[in-house]
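One line per chain: the protein sequences are D and L, in this order.
Here our numbering is used: position 142 in the first sequence is 142, and no number is missing along the way.
Here our numbering is used: position 218 in the second sequence is 218, and no number is missing along the way.
Hints may contain errors.
Since copy identity is lost for identical chains, a pair holds within one copy or between any two.
Heads up, simulated EDC-like pairs for lysine to aspartate or glutamate below, C-alpha to C-alpha not over 20 angstroms straight-line [stated by the list, open to error]: (1) Lys211 <-> Asp99; (2) Lys29 <-> Glu39; (3) Lys205 <-> Asp40; (4) Lys211 <-> Asp13; (5) Lys206 <-> Asp114.
Derived by calculation from the structure, the hints in this document are not laboratory data.
Computed from a prediction, not measured in an experiment: that's the story for all the values here.
There are 2 protein chains.
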Amino acid sequence: MNPTSISNSQLLDSLRWRYAVKQFDPTKKISDDTWAALEDSLVLSASSFGLQPYRFLVISDPAVRAKLLPHSWEQNQVVDASHYVVFAGRTQMTEKEIDSFLHLTANTRGQAVDSLKGLRGMMTGSILSDKFQVNVAQWAALQAYIALGSLLTSAALLGVDACPMEGFVPAEYDRVFDLPAQGYASVVCCALGYRASTDKYATLKKVRPAKAELVKTI
Amino acid sequence: MNPTSISNSQLLDSLRWRYAVKQFDPTKKISDDTWAALEDSLVLSASSFGLQPYRFLVISDPAVRAKLLPHSWEQNQVVDASHYVVFAGRTQMTEKEIDSFLHLTANTRGQAVDSLKGLRGMMTGSILSDKFQVNVAQWAALQAYIALGSLLTSAALLGVDACPMEGFVPAEYDRVFDLPAQGYASVVCCALGYRASTDKYATLKKVRPAKAELVKTI
Numbered sequence: 001m002n003p004t005s006i007s008n009s010q011l012l013d014s015l016r017w018r019y020a021v022k023q024f025d026p027t028k029k030i031s032d033d034t035w036a037a038l039e040d041s042l043v044l045s046a047s048s049f050g051l052q053p054y055r056f057l058v059i060s061d062p063a064v065r066a067k068l069l070p071h072s073w074e075q076n077q078v079v080d081a082s083h084y085v086v087f088a089g090r091t092q093m094t095e096k097e098i099d100s101f102l103h104l105t106a107n108t109r110g111q112a113v114d115s116l117k118g119l120r121g122m123m124t125g126s127i128l129s130d131k132f133q134v135n136v137a138q139w140a141a142l143q144a145y146i147a148l149g150s151l152l153t154s155a156a157l158l159g160v161d162a163c164p165m166e167g168f169v170p171a172e173y174d175r176v177f178d179l180p181a182q183g184y185a186s187v188v189c190c191a192l193g194y195r196a197s198t199d200k201y202a203t204l205k206k207v208r209p210a211k212a213e214l215v216k217t218i
Numbered sequence: 001m002n003p004t005s006i007s008n009s010q011l012l013d014s015l016r017w018r019y020a021v022k023q024f025d026p027t028k029k030i031s032d033d034t035w036a037a038l039e040d041s042l043v044l045s046a047s048s049f050g051l052q053p054y055r056f057l058v059i060s061d062p063a064v065r066a067k068l069l070p071h072s073w074e075q076n077q078v079v080d081a082s083h084y085v086v087f088a089g090r091t092q093m094t095e096k097e098i099d100s101f102l103h104l105t106a107n108t109r110g111q112a113v114d115s116l117k118g119l120r121g122m123m124t125g126s127i128l129s130d131k132f133q134v135n136v137a138q139w140a141a142l143q144a145y146i147a148l149g150s151l152l153t154s155a156a157l158l159g160v161d162a163c164p165m166e167g168f169v170p171a172e173y174d175r176v177f178d179l180p181a182q183g184y185a186s187v188v189c190c191a192l193g194y195r196a197s198t199d200k201y202a203t204l205k206k207v208r209p210a211k212a213e214l215v216k217t218i
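The shape of chain D in the complex, shown without the other chains (with noise of 0.2 angstroms):
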């Protein structure tokens, strides 16, 4: 068992604290354990063959958060809150990332890399087909999502708030980070830090149908 883990009043508690911050509190930042932290718990996320087709850009000055806003639809959770982090999903996977991704596996496994060769040819014969690579950066997309998802649990865990962001011009955030020429495309995005006591989404209801329209056991 998880030596650490919490109860299940815990966790729900955490869950329905949550809530999509409109307004930050711009003068609350998070600490600097607790970011880091939260750092961990993007790399800890679980992906597709473990591969990690992303990057987490973490936005921390000022003039490029303003830069982004017009971007952005104008939210202010892009300029008020503690921290801004863009999720970039890989748009290209060649032997190169499969190769790189097998060494380390072998060396934080004191493994010979050679003795991996199976999960190469398994790798390799699904990522690099045809059918896989018109879909590279959906797939990617969709492992960042994973992440987000489990970020998003983390931070209300720690007391963290957070506002998942979906409404950006990926094409301007791309072009801002020249993520194209890096192989990488903009996916989503995610503004931590606390609310706004002036927040009128922190007391609002939350919105959930009946667990048995979203949960059909069969």
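Since the structure of chain D is already known, use the hints to place chain L on it.
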């Protein structure tokens, strides 16, 4: 502040304890209470506009699990895990789904549905646009992956093991559950339960690049 928040190390110890289980102990079942909490965590997941364009199919019938096995590359997690969830995303979004959501919102919050006219205009303008309509299934899949990420993290925190599974034949799953006729398509699966003591993957070192390779501060 979230009154039930946990410590950074409690979160990270759980995330490090997590791994993609290859071999579940078929004799160990998740308790009803804990499973109810995990279903709640799915229902509480964040989504675009709050629309939750998905369903979670919990496959408890062993005969149905057995039927899925050949469509899941014979991965035994499908039959051995305590619980097996198929995430099905919507393939169509019409005014009906939007209005149903707005009625739920109005009912939940004791508002007149007319007071949500502005929101309705924004939602229909976005979701019913040609640009959006060609990508409904992809958008719904992304939202389902947020729920998957949240589920993986929630399960780890409750001491429940899991294995996210993309290795299945969606068209065959769709056929088994008659999903196309209902406007859904299977997008991803997750097996949950408890690791077998013989699963050699449990003790392998987690493979992760240096944080600086994934997280870039700008």
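Going through the hints against the structure:
no.	hint	in the structure
1	Lys211 <-> Asp99	between (44 angstroms within a copy, 19 angstroms between copies)
2	Lys29 <-> Glu39	within (15 angstroms within a copy, 33 angstroms between copies)
3	Lys205 <-> Asp40	between (31 angstroms within a copy, 16 angstroms between copies)
4	Lys211 <-> Asp13	within (17 angstroms within a copy, 30 angstroms between copies)
5	Lys206 <-> Asp114	between (52 angstroms within a copy, 19 angstroms between copies)
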